[in-house]
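Position chain B against the provided structure of chain A, taking the given hints into account.
If you want the building blocks of each chain, they are given just below.
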Amino acid sequence: NAGVTQTPKFQVLKTGQSMTLQCAQDMNHNSMYWYRQDPGMGLRLIYYSASEGTTDKGEVPNGYNVSRLNKREFSLRLESAAPSQTSVYFCASSQPGRLNTEAFFGQGTRLTVV
Amino acid sequence: GDSVTQMEGPVTLSEEAFLTINCTYTATGYPSLFWYVQYPGEGLQLLLKATKADDKGSNKGFEATYRKETTSFHLEKGSVQVSDSAVYFCALTTTGNQFYFGTGTSLTVIP
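As you go down the protein sequences, you meet chains A and B in turn.
Residue numbers for the first sequence follow the working numbering, beginning at 1 and rising by one.
Residue numbers for the second sequence follow the working numbering, beginning at 1 and rising by one.
It should be emphasised that the hints constitute simulated quantities derived from the structure, not laboratory data.
Since the structure is predicted, the reported quantities are computational estimates derived from the model, not experimental observations.
Backbone N, C-alpha and C fix where the C-beta goes; we use that ideal spot for every residue, glycine too.
Distance ranges between label pairs, derived from CB positions:
{"#": "1", "chain 1": "A", "residue 1": "K71", "chain 2": "B", "residue 2": "T71", "range": "32 to 40 angstroms"}
{"#": "2", "chain 1": "B", "residue 1": "Q45", "chain 2": "A", "residue 2": "D56", "range": "24 to 32 angstroms"}
{"#": "3", "chain 1": "B", "residue 1": "I110", "chain 2": "A", "residue 2": "G40", "range": "16 to 24 angstroms"}
Chain A is nowhere near these chain B residues, computed Cβ spacing over 12 angstroms in every case:
{"#": "4", "residue": "E16"}
{"#": "5", "residue": "A17"}
{"#": "6", "residue": "T20"}
{"#": "7", "residue": "T28"}
{"#": "8", "residue": "D54"}
{"#": "9", "residue": "G61"}
{"#": "10", "residue": "F62"}
{"#": "11", "residue": "Q81"}
{"#": "12", "residue": "S85"}
{"#": "13", "residue": "P111"}
Covered stretches of chain B, as calculated for chain A (at least 3 residues, CB under 8 angstroms):
{"#": "14", "segment": "42 to 48"}
{"#": "15", "segment": "90 to 104"}
One chain only, chain A, in its complex shape (with noise of 0.2 angstroms):
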């Protein structure tokens, strides 16, 4: 089982330049997220989607935008890369039920902003 398949595992990009991240769940989960890890700072959450088709902002989501493609995909665009960007994300899936289900991680990007 893939489980959260995240693309690229790594990326070096120049300040101004743009990206998408890429991820894909195959767990048939409604709800993804994406949360970047910063030392110190634990786990924050850029954006979620609870529904394809939906979608939130998180505690930090200035300099990013998300597409829900369709309940498999979803991903994470940086428009102008700035090096306050510099972190390592992770795309997480989950299944809401009575019995709230974990969250499943994928294995990362580590982006730096040069």
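Only chain B this time, still in chain A's reference frame:
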């Protein structure tokens, strides 16, 4: 709003020592509680979970009990191994649509 507070790290222990990582939470509803582990260069993996008060989650020798009266979910292991070196995150969800994570506790186990 909902939140999780966990023990600051880093924590360094000798092999076979007892481990406790404290986690307390604030939630408006009835949360499910989780411990995740992150090994170097990897994503987060679920370690254990508990979905209601007094439940005990356990896996790989780790345990945590959902204590509603103290709003806590402390992680324990009786005898740590070098292979347990990782970052541990406490987390909760009340809706299944939003997860709240602690800042993580780095554990290093030395032989």
